[in-house]
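Undergrad: Start from the sequences and build out the full structure, keeping to the hints where you can.
Protein chains: 2
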Amino acid sequence: MDEFQIIKTIFAPLAGEGAFGLTDDAAIIRARPGFDLVVTTDAIAEGTDFFAFDPSGSVAQKALRVNLSDLAAKGAVPHAYLLSLALPPSINADWLTAFAAGLAQDQTEFAITLLGGDTGRTEGPLAISVTAFGFVQHGGMVRRSGARAGDDVYVTGTIGDSGGGLAIYKREKHTLDEPQRDALLARYRMPQPPVRFGPALRDLASAAADVSDGLIADLGHIADASAVQLVLDADLVPRSDALRAFWGEEDAAIVRATTAGDDYQIVFTAAPNRHAEVMKAANYYRTQVTRIGRVEAGTGVELTRQGRALPVLRPGYQHF
Amino acid sequence: MDEFQIIKTIFAPLAGEGAFGLTDDAAIIRARPGFDLVVTTDAIAEGTDFFAFDPSGSVAQKALRVNLSDLAAKGAVPHAYLLSLALPPSINADWLTAFAAGLAQDQTEFAITLLGGDTGRTEGPLAISVTAFGFVQHGGMVRRSGARAGDDVYVTGTIGDSGGGLAIYKREKHTLDEPQRDALLARYRMPQPPVRFGPALRDLASAAADVSDGLIADLGHIADASAVQLVLDADLVPRSDALRAFWGEEDAAIVRATTAGDDYQIVFTAAPNRHAEVMKAANYYRTQVTRIGRVEAGTGVELTRQGRALPVLRPGYQHF
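Protein chains in written order, with the working numbering: chain A, 27 to 346; chain B, 27 to 346.
Just so you know, the hints here were simulated from the structure itself, not pulled from any lab data.
Positions of the beta carbon are idealized from the N, C-alpha and C atoms, including for glycine.
Don't take each hint at face value.
Here chain B is said to cover these stretches of chain A; the calculated rule only asks that three of the stretch's residues, wherever they fall, bring their Cβ under 8 Å from a Cβ of chain B [claimed, not checked]: (1) 97–108; (2) 131–145.
Covered stretches of chain A (chain B as the covering partner; in silico rule of three or more C-beta atoms under 8 Å from a C-beta of chain B) [to be verified]: (3) 47–55; (4) 58–65; (5) 174–182; (6) 219–225.
TA: Encoded structure:
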């Protein structure tokens with residue numbers, strides 16, 4: 027199939043309002059008076075974020091979800107996305123059909139549609155770039171910069187599972203049973219960002235970021251932008267039973283979990299008097315939310331355990 | 027420099043309203059009541075759209091302008107853009123600094139700002155993906171689908187120069203003098219889309235597309251979307267003196283010019299009673315506009331010369 031056949035047969039069925047069935051040069055997003063459009067873009071590449079043997083449907087979902095994670099962390103409700111593909115010659119119509127089926131599944135799951143994109147060949151590794159759009163009430167985007175001394179620090183979900191999954195992909199030795207192993211692999215392959223919980227942050231959080239580079243690294247972005255120090259209690263960082271069974275309970279295991287990245291959870295801060303509301307929202311959206319530390323005067327992020335500061339040599343994933 | 031240093035020192039100075047200085051997970055585009063946001067995305071890659079020896083400033087401008095061309099063809103006024111880079115290890119800080127200087131120059135030229143983006147490493151060729159945003163009055167985007175039998179067909183600028191420039195890059199023999207050669211190379215390296223003229227199309231054109239794949243191919247998209255035939259007079263297709271000197275006046279030279287692609291001009295249709303207004307707008311915006319054919323009942327595109335139909339084997343550039 028050439029580019030136009032691929033667009034017409036595989037991607038056009040995914041197109042939504044404003045996309046003109048992918049038959050025009052551009053797409054339209056109609057203004058919603060009183061709302062801001064929130065825009066984010068993130069790419070994933072073979073060999074880094076997924077592997078050639080991964081099912082293409084889950085690769086598609088990962089490409090979407092790493093972007094929906096950013097929208098959720100900003101308190102935005104997802105609306106639509108653009109898709110840019112750089113395809114090596116090995117990609118065939120079957121791969122693309124299953125890829126589009128993965129997109130279709132997440133379009134239903136998250137109430138989003140395809141707006142447009144770009145498809146080209148590459149001699150390099152397969153690369154997938156998504157730009158995601160969401161809406162938030164005007165002025166309501168949750169920034170990284172609003173954390174204040176005295177606030178509590180929270181995180182959604184569990185931390186480190188994706189890093190554990192990647193380690194298993196890379197053949198790190200383990201004694202996990204099959205369900206534990208599969209749980210960690212699944213978290214690497216298919217992020218589970220708290221897309222519905224995100225918009226609740228708009229009224230509750232003083233600052234938020236998505237956990238993509240690593241918990242410590244992304245908290246560092248909040249600390250920098252807010253000019254505060256964030257002090258974490260290592261024993262409060264939520265880790266799954268599978269990850270505990272894999273990496274253990276030593277200091278190094280917690281440091282590893284909090285710096286591995288690829289979690290696609292939300293870390294946020296909120297004033298102490300909002301605690302009951304935070305937990306109520308968590309309960310309403312069936313989202314695990316854990317208080318893991320506090321905001322203090324100062325700079326940077328400190329990971330402490332029973333009064334000791336744990337050494338963190340590399341706070342997160344470095345893109346290069 | 028790591029990713030965060032690159033963003034902070036090289037790209038943050040380009041950030042505009044809603045970009046939060048590139049210090050957050052996402053950016054914002056504020057709704058303009060009564061306007062639609064027009065969204066388009068196009069990538070360029072080393073070895074296809076530019077060469078490793080091209081100055082990085084002009085590579086940056088090409089990446090932007092291939093997208094501004096789409097906005098112009100849709101009648102939109104450019105607003106902002108996202109930039110995604112996949113950088114091979116050979117790219118250094120000097121390259122990136124000159125790249126950003128090229129962006130800065132076009133930001134001033136076209137009144138746009140950087141909203142955000144994504145930077146990663148690749149082992150493949152350098153790839154640059156831009157998503158561009160523009161505004162058009164609600165419902166005013168010029169579609170591909172509005173051409174009606176009886177309309178005239180117009181094109182801006184000259185056609186084929188970029189293809190001529192690419193041929194010279196690829197060492198095709200020629201006897202051009204230096205200014206002619208440089209003029210063609212410049213058109214390949216640095217598109218000149220009619221960004222200011224574009225919004226005038228909103229009130230004048232029945233259909234429009236940007237000429238990127240090739241004049242015949244992009245007219246084919248209009249013919250398909252509008253369910254009409256477009257008949258071009260080959261002798262009316264505007265070609266520069268340099269291109270005429272390079273490729274000559276034979277039928278094959280005109281076919282080649284109209285299928286080479288990478289022109290980044292606008293092809294559009296308009297009712298005959300709008301002709302005076304079209305030429306007045308062209309004059310006002312100092313944009314060369316040439317009437318090259320007419321819209322008829324039927325399908326596809328026909329390139330004719332003195333009553334003969336010229337054979338067109340491949341209507342334009344195929345991405346794969």
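Undergrad: Compare the structure with each hint and give your call.
TA: Structure-based check of each hint:
1. 97–108: Coverage by chain B holds here, the residue count being 5 at a Cβ distance below 8 Å.
2. 131–145: Since 5 is at least three, the answer is holds.
3. 47–55: holds (count 7)
4. 58–65: holds (count 8)
5. 174–182: violated (count 0)
6. 219–225: violated (count 0)
Checked against the numbered hints listed earlier, the structure breaks hints 5, 6; every other hint is satisfied.
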